[in-house]
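A.B. asks: With the hints as constraints, model all of the structure from the sequences given.
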Amino acid sequence: MNAPINPNALPYAVPRSVLPGAAWPAIPNDLASRLLALQLQFGQSQWWPPEVIQARQFEQLRQVLAHAQRTVPFYGSRLSALDLTHAPLDRENWSRIPILSRKDVQLNRDALRSRSIPAEHGAVREVTTSGSTGRPVSILSTELPVMLWQAIALREHLWHRRDLTAKLAVIRVHPSLNAEPPDGVAMPTWGPPTDLVFRTGPAAMLNGSCAVGDMAAWLCKQDPDYLLTTATRALALARHFRRTGLSLPRLRQVRTYGEAMSADLREQCRETWRVPVVDMYSSREIGYMALQCPLHEHYHVQSENILLEILDEQGNACRDGEIGRVVISTLHNFATPLIRYEIGDYAESGGSCPCGRGLPVIRRILGRVRNMMRMPDGSTRWPDFMLAETRNDLPAAQMQIVQTAPDVLELRAVPARHFSAKDRAKLLDYMRQWAGPQFHVSVRIVDDIPRGPGGKFEEFMSLLDPQT
Amino acid sequence: MKPADTSAPPYLSALPYAPPRSALPGIVWPAVPDDAASRMLALQFQLEHSQWWPPEVIEARQFEQLRLVLEHSIRTVPFYGSRLAAAGFNPSIPIDREVWARIPILTRREVQLNASALRSSHPPPRHGAISDVTTSGSTGRAITVPVTELHGLFWQAITLREHLWHQRDLGGKLASIRSRGTGTAQYPDGLVAAGWGPSTDLIYRTGPCAMLNHACSMAEKADWLMRQDPDYLLTSATNALELARHFRRTGLRLATLREVRTYGEMLPGDLRDTCLDVWGVKVVDMYSSEEIGYMALQCPQNEHYHVQAENVLLEIVDDHGHPCREDEIGRVIVSTLHNFAMPLIRYEIGDYAEAGGSCSCGRGLPVLKRILGRVRNALRIADGGRRWPDFGLAKKYRDLPAVQLQVVQTALDALELRVVPGEGFSATDEARLLGYFRDWAGPQFRISLRVVEEIPRGPGGKFEEFMTQFGDET
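Here the protein sequences line up with chains A and B, keeping their order.
For the first sequence, the working numbering assigns the number 687 to the last residue and increments by one with no breaks.
For the second sequence, the working numbering assigns the number 807 to the last residue and increments by one with no breaks.
Don't take each hint at face value.
Claimed, not checked - With beta-carbon atoms standing in for the labels, derived distance ranges:
| # | chain 1 | residue 1 | chain 2 | residue 2 | range |
| --- | --- | --- | --- | --- | --- |
| 1 | A | P223 | B | R459 | 34 to 40 angstroms |
| 2 | B | R459 | A | N397 | 35 to 41 angstroms |
| 3 | A | P239 | B | G775 | 56 to 62 angstroms |
What the hints assert, rightly or not - Example chain A residues on the side facing chain B (calculated, C-beta under 10 angstroms, incomplete):
| # | residue |
| --- | --- |
| 4 | A242 |
| 5 | P247 |
| 6 | A251 |
| 7 | S252 |
| 8 | L255 |
| 9 | A285 |
It should be emphasised that the hints constitute simulated quantities derived from the structure, not laboratory data.
Built from N, CA and C at the ideal position, the CB exists for glycine as well.
C.D. replies: Here it is, written out as structure tokens:
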């Protein structure tokens, strides 16, 4: 409470009111009220003791299991054999449910879909993702998980007490925006969900598949307060700013998502820009899994959205300090319920947190890492191939691209099923199209794609000498 | 937001562990409530945060909101037009303390005399339907204040906050003893409702609520309570005190009672001790009025009160109109933040209160140490000053037989004890009582005792443990 107070920063900022004359406390519109009603619950549940949080999760998961058993063919026999819906759930009977692998999800796309999605959960849409391990999956989702997504995005701002009137710069792949350098796109607000509830400052967007030098030049022009981008890009940018002596005088925080963080990212950002990094752990098919603690560099599981287990090789829960497989169950997706789904990341389990929150702690997330790709002309860029739209019909279960020489790219593919010459030609076509004429491309069929050191899967791997 | 008190066992049906009711099938946690409940929880979310803001942030938000109230008033409320302009209010300039203090105080008498000139000619339609609240007030002069649904929404939101602050177990049973229309909820059965009431039921699943009409004897109230065996008792402060004394005398017990909730009267000095002693429970008091809504709630961790700054600006001013400092007692002046049908701006409600400093709980909401009732509830002393007496009866008076007692100051130097004697009240008891009060008051007062059949309640049905009945303040 000793720091000077900025009335525009959370938790002092006031929601937008729809009633004339009632500015404070505000009367927000229905959509914003729903998000704030969730936010009030989050504000309470984050401080609950772990056993209360878990009791509430199992109450909700019991609803999910009953629905899945009744309406999702894949789960019908799997769950009815276990007979879990007649007694309250606990850890012991929960752990009898078999793990759902990513491959299960790939192979049972249709059987995993509910035959009776509650209409009240909103419109159904398809979500496709490469995930963290290069194996694309496709699931159905309703508007309800989107609402949870938005509510947790707001929680993240609250936790980190952001100044909502500040300027946000976003560097990512924006498929629907023409946000190319040198200008990117200027937006009047931070966008949903923040501007659904609060008045915000402007945002600037840049398509993140350009060269690092272009990103840096754009950032200098924007001079933002917050930078939101992937961990790999943030690291490349910090190094670039350091090398060139450029600066971002107003920058207060680097926000990262979507990739495991390299060990020195925090240090690089501190040294280059004197700002902290705030990371989050999410995926398109699940939503938010963990947010960085407001007071520490570790993460809190978003237990209001998912049950997250960290399991050892034998399937037992990891203890404090142990690293294991991340297994996720979604609490609110009744279109394709994911129950004990092995997402493909590894994480280190944490104990309790001195901040007082009862939400479980993850010390580190060992997920996807991505190397920057060096172009034949010597510039570097972020390889965005996993986000390309055409991925869905590719016949591979898992893929990795390896840069073996300045002008050579090799696609390594683990086949999903029997692999024909036609499938191979399709992959080669895709690679050629993606890489452009400056690269020689090839396809190699492999049985397995090994993880790198520390269990990290590299969907783009560079065998060139490290950048200097 | 701060951690909940986790020292209490985590009853899953108690706040802050109880989830709201969900409107979506298959979803129990976190709940997705319906639109009306979401609106209420969106307000609650704001209240959760603003309570921890530093005082200067709270005051800045209040003045932002009051600027809208003044702007509306100068435009649509005839009474205020010239008054605010004369005070130098300019809608285009932010309000600060100095500007604010120039606005004249609005007396209860002015509200009575200007009933129609105080009504807004254009209350915003979106603030909802308007209903009239008529209140006798503690001084007996009735006033009528039109209020909007928005005003009601804040009433409900603060009702919920009060449950949250005191971490109530919503699955518990609530018993409420209060005055009701003749024939309603009468002894011996009273009336049992399925939920605690609209503010709570809108959001949560609650336990039953048993209601009893206040118009019956203490023995009958006790009998009814025994049969109801409630977790919470909601009643007026003096009623709670008399009940506790009755239970002590008869040796009856309320096995599951967890808390006594009081409202509407100044708290007798010995109520907290007596309830703790007899039932082993704490008293939680609140300060509200129908025309204003909630003005202050008891702190979750202390016995003093926090002003409900999201609903009212509450000032405590001395006889010269200057703000009281910590520990000083002065007149309560309130301004409503959201009633655009009849904005009450610097309204002197008629109560006195003692200003507090900051609170150990960390909340930035201003502190009221005590709420002292009316000026006629103050003891006048020879130098012209006033004191709000605390007789400390809980300890001294516990072995006396049943009496109802009122102390009346009949002259600057005279106190009269009015006593309704119970069974077995003897001459010795009378002498002890007189002796105690002579001791308490000191030699400058003459003490007399008068046996009466009944002690009439004051305006609004409120019992007054102490009152003055001389001079011009009766």
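A.B. asks: It remains to establish, for every hint, whether it holds in the given structure.
C.D. replies: Each hint, compared with the structure:
1. Roughly 37 angstroms separates the CB atoms of P223(A) and R459(B), a value that falls within the hinted 34 to 40 angstroms.
2. For R459(B) and N397(A), the hinted distance range of 35 to 41 angstroms is satisfied, since their beta carbons lie about 40 angstroms from each other.
3. P239(A) and G775(B) have their C-beta atoms about 59 angstroms apart, which keeps the hinted 56 to 62 angstroms range intact.
4. A hinted interface residue such as A242(A) counts as satisfied when its beta carbon comes closer than 10 angstroms to some beta carbon of chain B; here the least separation is about 5 angstroms, so the hint holds.
5. Residue-level restraint check for P247(A) holds (minimum Cβ-Cβ distance to chain B is 5 angstroms; threshold 10 angstroms).
6. Of the supplied interface hints, the one on A251(A) holds, with its beta-carbon coming within about 7 angstroms of a beta-carbon of chain B, less than 10 angstroms.
7. At about 4 angstroms, the closest approach between the beta carbon of S252(A) and any beta carbon in chain B falls short of 10 angstroms, and the interface hint on this residue holds.
8. The interface hint given for L255(A) holds, since its Cβ lies 4 angstroms from the closest Cβ of chain B, which is under the 10 angstroms cut-off.
9. Of the supplied interface hints, the one on A285(A) holds, with its beta-carbon coming within about 8 angstroms of a beta-carbon of chain B, less than 10 angstroms.
Of the numbered hints stated above, none is contradicted by the structure.
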